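Student: Take a look at the letters that make up each chain.
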Amino acid sequence: MAEEIKLMKGNEAIAHAAIRYGVDGYFGYPITPQSEIMETLMEEKPWETTGMTVLQAESEVAAINMVYGGAACGKRVMTSSSSPGISLKQEGISYMAGAELPGLIVNVMRGGPGLGTIQPSQADYFQTVKGGGHGDYRLITLAPASVQEMADHVALGFELSFKYNNPAMILSDGVIGQMMEKVILPEQRPRKTEAEIRSEQPWATLGKPASRKPNIITSLELDSSIMEQNNIRFQAKYKTIEENEVLYEELLCDDADYLIVAFGSAARISQKAVDMARKEGIKVGLFRPITLWPFPVKEISACKNKVKGILVVELNAGQMIEDVKLAVECKIPVNHYGRLGGIVPTPQEVLREMKKMKETI
Amino acid sequence: MKDIINPENKVYEKPRLMNDSPMHYCPGCSHGVVHKLVAEVIDEMGLGEKTIGVAPVGCAVFAYNYLDIDWVEAAHGRAPAVATAVKRLNPDKMVFTYQGDGDLAAIGTAETIHACNRGENIVIIFINNAIYGMTGGQMAPTTLLDMKTATCPYGRNTSLNGYPLKISDLLAQLEGTYLISRETVHTAPAIKRAKKMLRKAFENAMAGKGSSVVEFVSTCASGWKMTPDQANKWMVENMLPMYPLGVLKDKSSDSQHTTAK
Numbered sequence: 001m002a003e004e005i006k007l008m009k010g011n012e013a014i015a016h017a018a019i020r021y022g023v024d025g026y027f028g029y030p031i032t033p034q035s036e037i038m039e040t041l042m043e044e045k046p047w048e049t050t051g052m053t054v055l056q057a058e059s060e061v062a063a064i065n066m067v068y069g070g071a072a073c074g075k076r077v078m079t080s081s082s083s084p085g086i087s088l089k090q091e092g093i094s095y096m097a098g099a100e101l102p103g104l105i106v107n108v109m110r111g112g113p114g115l116g117t118i119q120p121s122q123a124d125y126f127q128t129v130k131g132g133g134h135g136d137y138r139l140i141t142l143a144p145a146s147v148q149e150m151a152d153h154v155a156l157g158f159e160l161s162f163k164y165n166n167p168a169m170i171l172s173d174g175v176i177g178q179m180m181e182k183v184i185l186p187e188q189r190p191r192k193t194e195a196e197i198r199s200e201q202p203w204a205t206l207g208k209p210a211s212r213k214p215n216i217i218t219s220l221e222l223d224s225s226i227m228e229q230n231n232i233r234f235q236a237k238y239k240t241i242e243e244n245e246v247l248y249e250e251l252l253c254d255d256a257d258y259l260i261v262a263f264g265s266a267a268r269i270s271q272k273a274v275d276m277a278r279k280e281g282i283k284v285g286l287f288r289p290i291t292l293w294p295f296p297v298k299e300i301s302a303c304k305n306k307v308k309g310i311l312v313v314e315l316n317a318g319q320m321i322e323d324v325k326l327a328v329e330c331k332i333p334v335n336h337y338g339r340l341g342g343i344v345p346t347p348q349e350v351l352r353e354m355k356k357m358k359e360t361i
Numbered sequence: 001m002k003d004i005i006n007p008e009n010k011v012y013e014k015p016r017l018m019n020d021s022p023m024h025y026c027p028g029c030s031h032g033v034v035h036k037l038v039a040e041v042i043d044e045m046g047l048g049e050k051t052i053g054v055a056p057v058g059c060a061v062f063a064y065n066y067l068d069i070d071w072v073e074a075a076h077g078r079a080p081a082v083a084t085a086v087k088r089l090n091p092d093k094m095v096f097t098y099q100g101d102g103d104l105a106a107i108g109t110a111e112t113i114h115a116c117n118r119g120e121n122i123v124i125i126f127i128n129n130a131i132y133g134m135t136g137g138q139m140a141p142t143t144l145l146d147m148k149t150a151t152c153p154y155g156r157n158t159s160l161n162g163y164p165l166k167i168s169d170l171l172a173q174l175e176g177t178y179l180i181s182r183e184t185v186h187t188a189p190a191i192k193r194a195k196k197m198l199r200k201a202f203e204n205a206m207a208g209k210g211s212s213v214v215e216f217v218s219t220c221a222s223g224w225k226m227t228p229d230q231a232n233k234w235m236v237e238n239m240l241p242m243y244p245l246g247v248l249k250d251k252s253s254d255s256q257h258t259t260a261k
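So the sequences go chain by chain: A and B. The numbering of the first sequence is our numbering, which starts it at 1 and goes up by one. The numbering of the second sequence is our numbering, which starts it at 1 and goes up by one.
These aren't lab readings, by the way, just hints derived from the structure by calculation. Small disclaimer: the values here were computed from a predicted structure and weren't measured. Glycine included, C-beta positions come from ideal geometry on N, C-alpha and C. Certain hints may be false.
Stated by the list, open to error - Below, in silico cross-link-like pairs of lysine-lysine (DSS-like), each with a Cα-Cα straight-line distance of 25 Å or less:
no.	chain 1	residue 1	chain 2	residue 2
1	A	192	B	50
2	A	163	A	298
3	A	213	B	166
4	A	213	B	196
5	B	166	B	225
Stated by the list, open to error - A few chain A residues that face chain B, going by a derived Cβ cut-off under 8 Å, partial list only:
no.	residue
6	4
7	22
8	24
9	25
10	53
11	59
12	62
13	66
14	68
15	69
16	70
17	72
18	75
19	88
20	215
To be verified - Per the computed footprint, the stretches of chain A lying under chain B, defined by three or more beta-carbons under 8 Å from a beta-carbon of chain B, are:
no.	stretch
21	90-99
22	122-135
23	218-227
Could you build all of it, start to finish, from the sequences and the hints given here?
Tutor: What follows is the structure in structure tokens.
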């Protein structure tokens with residue numbers, strides 16, 4: 001059963017993986033190109049099988065605040081949206097970070113700014129890894145590059161999120177959300193019982209027994225001396241995450257003269273460009289960050305002594321390139337190639353840019 | 001004196017669910033009395049261990065400091081969305097929100113209307129004092145015409161500010177609401193009546209009958225720049241004509257009054 005290979009869209013994989021992970025609640029609002037997530041959930045009717053709640057909210061703002069409420073009860077809760085809707089969710093994400101609540105948010109990115117386009121983009125990188133909402137907080141960010149990873153990152157996102165009591169985001173895009181691939185779904189897990197939650201999340205607001213003090217979920221603290229301590233605690237937690245949770249994939253990096261750094265759909269396209277380059281005798285490797293925050297700083301930094309130059313390929317005007325440049329401390333050339341507004345580059349374009357870079361070094 | 005201090009002579013005690021934290025509310029403010037009623041109703045229904053309160057942004061943001069139950073503090077206006085998830089994921093629990101007029105009827109209007117329209121099995125406790133107290137007395141959606149606030153210093157003017165929003169009347173039109181009542185807590189009889197309504201609302205939520213909203217027309221002596229006594233009088237003379245007291249909607253009244261109890 002678990003080994004059954006299925007063919008489905010990335011968005012559908014998220015929905016099936018959520019049910020099988022034993023998610024307690026999904027709260028969403030339709031927006032292209034991720035509507036299949038809620039559509040699949042509604043079609044599957046998980047409330048009849050696992051008891052999962054699925055609710056179409058009146059807005060993205062309401063949906064993320066439902067996630068906040070569910071998370072406050074220690075439940076496994078999630079929402080999904082695409083770029084314009086994710087902007088609306090930033091309030092709730094900041095409150096979750098401030099109240100140290102776990103939860104999963106999926107962003108199947110489309111081109112912006114504004115209403116932009118419904119075509120794929122990676123232009124929300126800054127928004128996701130540099131803040132998004134107000135205050136000094138960090139969002140655990142996973143960047144799937146396949147339908148299989150869309151499914152796998154649901155469990156990974158919840159595990160990291162509950163390990164650190166911090167919201168996590170799957171930062172995908174219209175390519176990964178809409179494309180169909182083979183996927184092996186995880187085995188069905190039971191949802192947590194109230195007794196399990198009370199023991200594993202003792203802070204959860206599930207009703208106060210006489211034996212303990214009230215649980216209060218809040219991000220408010222008017223005493224600045226305490227609020228500073230709260231922030232110091234958050235920062236220490238973020239540092240622990242940075243030290244322990246970096247994930248990445250290297251492809252043909254060992255003997256590479258040049259490196260492409262790309263995530264998500266841009267990495268899939270770049271993978272093909274690497275194959276093409278190798279056939280022409282150019283030793284190119286692909287470094288794919290899987291966690292965008294925490295960013296693989298040490299691992300990319302280590303490349304600066306091994307390769308002559310790095311090409312960062314993104315579906316944006318140059319966002320992750322800033323983190324790559326910081327990682328290598330600008331000691332080697334770092335170029336950028338990106339297409340904007342929903343245009344997806346071809347592997348040929350990426351190869352051409354790589355050759356251009358090679359000529360200038 | 002000592003011989004009269006015994007249980008059978010006791011006429012009043014502090015609600016067991018209220019703790020000893022000193023309240024931050026101003027003298028003459030209605031919040032304290034409403035908090036007390038909420039504590040009494042929860043305790044009398046034996047729901048102390050099953051209740052989750054959702055606090056707003058505004059003066060009542062610190063409601064969680066005063067009642068010994070679990071609390072979730074919501075973002076401004078989002079309490080009904082937060083409560084929706086808390087209740088749906090824990091259908092056996094008692095879930096209520098406690099919100100002011102700015103929270104419920106301005107920034108959170110969409111969340112309020114849609115939670116009620118879905119008939120979420122929650123209670124919404126709505127404090128309407130026609131002003132933003134916490135931020136220093138600015139205009140609320142419920143501010144009366146000609147009433148002066150920090151952001152309508154010459155009085156609320158329809159061409160500039162529109163009209164006072166009677167949101168409870170609006171909520172009464174929704175199929176999902178079961179009970180909508182408007183109360184005050186400025187006299188002993190009013191307090192008694194308000195408590196009865198509050199209890200009904202809590203019973204409805206536990207019975208899964210849909211959303212119940214109890215509005216409290218309230219005083220804000222500080223925001224109104226009056227003494228507590230003046231504020232009570234001003235409320236009766238000015239607020240109540242605009243926000244008349246009583247049951248706006250009770251789905252149980254036709255069919256169940258005669259049979260249920």
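Student: Does each hint hold? Answer for all of them.
Tutor: Verification of the hints:
no., hint, result
1, A:192 x B:50, "19 Å, holds"
2, A:163 x A:298, "23 Å, holds"
3, A:213 x B:166, "38 Å, violated"
4, A:213 x B:196, "28 Å, violated"
5, B:166 x B:225, "24 Å, holds"
6, 4, "30 Å, violated"
7, 22, "13 Å, violated"
8, 24, "6 Å, holds"
9, 25, "5 Å, holds"
10, 53, "5 Å, holds"
11, 59, "6 Å, holds"
12, 62, "4 Å, holds"
13, 66, "4 Å, holds"
14, 68, "6 Å, holds"
15, 69, "4 Å, holds"
16, 70, "4 Å, holds"
17, 72, "4 Å, holds"
18, 75, "5 Å, holds"
19, 88, "12 Å, violated"
20, 215, "5 Å, holds"
21, 90-99, "holds (count 4)"
22, 122-135, "violated (count 0)"
23, 218-227, "holds (count 3)"
Hint compliance for this structure: hints 3, 4, 6, 7, 19 and 22 are not met, and every other hint is.
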